[in-house]
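Student: Sequence:
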Amino acid sequence: MNPSAAEHPAVVFRLGHMGDVALATGVLSHWFERTGQPFVFATREANLPLLANHPAVAGTIGLSKADLTDAGWLRRTGELARQYAGGTLIDLHGTLRSRILALRWKGPVRRYPKFGLARRLFERTRSDRFRAKLEALNVPQRYALALDRAAPEREAVLPRVYLTEDETRAAERRLSPISCEGPRVALHPYATHPSKQWPAENWIRLAALLDAEDINWFVVGRSVAPLTSGHERDLTNQTDLRATCGLLARADLLVTGDSGPMHLACGVGTPVVALFGPTAKAWGFYPAGPKDVVLERDLPCRPCSLHGAGKCTRGFECMTETTPETVLDAVRASLARSVRPAFNDPS
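Using our numbering, the first residue of the sequence shown is number 1, and each one after it goes up by one.
Since the hints were made in silico from the structure, they are not lab data. The reader is advised that the hints may include incorrect statements.
Computed cross-link-like contacts, DSS-like style, restricted to lysine-lysine with a CA-CA straight-line distance of at most 30 Å [said to hold, decoys possible]:
id: 1; residue 1: K133; residue 2: K114
id: 2; residue 1: K291; residue 2: K133
id: 3; residue 1: K281; residue 2: K133
id: 4; residue 1: K291; residue 2: K114
id: 5; residue 1: K281; residue 2: K291
id: 6; residue 1: K281; residue 2: K114
id: 7; residue 1: K311; residue 2: K133
id: 8; residue 1: K114; residue 2: K311
id: 9; residue 1: K65; residue 2: K311
id: 10; residue 1: K106; residue 2: K133
id: 11; residue 1: K311; residue 2: K281
id: 12; residue 1: K133; residue 2: K65
Start from the sequences, fold in the hints, and give me the full structure.
Tutor: Written out as structure tokens, the structure reads:
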């Protein structure tokens with residue numbers, strides 16, 4: 001390790017949602033494996049559990065809601081600039097907040113290419129030229145360009161969440177009473193924006209189809225309206241971030257929309273069947289594992305927004321026209337490729 005790196009560690013800055021930080025975890029591993037130099041990671045306090053046990057993370061900076069107010073940020077950026085003077089700031093956000101921090105930073109600043117112009121032009125024109133440019137590199141590959149001269153392969157920067165043996169065993173104990181012999185499919189039926197959410201009746205129909213084929217299923221995630229409230233396999237709101245990762249690690253497959261848990265599953269090596277509607281692969285936020293599948297409809301109105309927050313005048317057909325039977329077919333095909341051996345607990 002470079003002695004100056006230990007004295008002046010590089011600080012990686014990424015706020016955003018849980019999925020945004022999950023997408024950075026594989027990039028950290030990639031850089032660490034290449035250079036041997038760990039990083040300090042600055043993000044919202046709620047995202048910090050994702051970084052636990054990560055070999056590339058020497059320390060974390062948890063930012064509170066008070067820190068992120070206008071006055072709080074002016075104060076906090078001054079503190080961070082003084083504390084980490086001489087180190088490199090790696091900006092994986094590219095927002096006004098990160099640019100204020102960069103202006104006050106007392107050391108080198110590196111940024112990743114957001115392809116903002118190409119994104120806006122593609123959203124307006126749906127041009128294949130801009131689609132090709134955007135789809136050539138996903139978000140982790142773009143992150144990597146903050147330090148790398150050329151983008152690494154997608155599999156080199158897949159998300160990585162490092163679970164302990166205790167966390168894995170706790171997840172197995174949680175699932176054993178509600179699982180019988182056979183594959184396990186995790187269902188995440190929730191989304192930050194309603195337009196990205198597959199209808200609840202479709203999820204319930206899919207669960208019934210899985211039951212009919214003797215495929216174990218369980219629900220993960222957080223919501224004010226659990227999918228099947230009271231059902232023993234509905235674990236909605238019952239696990240924290242690390243415990244959710246543990247459950248996903250013991251699943252053979254996750255079915256979800258475009259969501260944070262989609263990236264968590266990738267981080268623990270669990271294949272994903274993802275339903276994309278108002279968003280699209282061109283934005284770069286998609287599962288990129290070798291066994292991952294994205295189900296989407298080819299419609300002229302897609303994508304209609306970056307994060308799926310826009311209103312729809314077409315009845316959300318991008319989501320509603322994907323049937324439970326179509327998803328079941330994808331589940332069957334994925335399980336045929338990826339069912340893992342039974343879990344053995346020597347204790």
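Student: It remains to establish, for every hint, whether it holds in the given structure.
Tutor: Evaluation of the provided hints:
no.: 1; hint: K133 / K114; verdict: holds, 12 Å
no.: 2; hint: K291 / K133; verdict: holds, 23 Å
no.: 3; hint: K281 / K133; verdict: holds, 12 Å
no.: 4; hint: K291 / K114; verdict: holds, 26 Å
no.: 5; hint: K281 / K291; verdict: holds, 16 Å
no.: 6; hint: K281 / K114; verdict: holds, 15 Å
no.: 7; hint: K311 / K133; verdict: holds, 26 Å
no.: 8; hint: K114 / K311; verdict: holds, 24 Å
no.: 9; hint: K65 / K311; verdict: holds, 28 Å
no.: 10; hint: K106 / K133; verdict: violated, 34 Å
no.: 11; hint: K311 / K281; verdict: holds, 20 Å
no.: 12; hint: K133 / K65; verdict: violated, 36 Å
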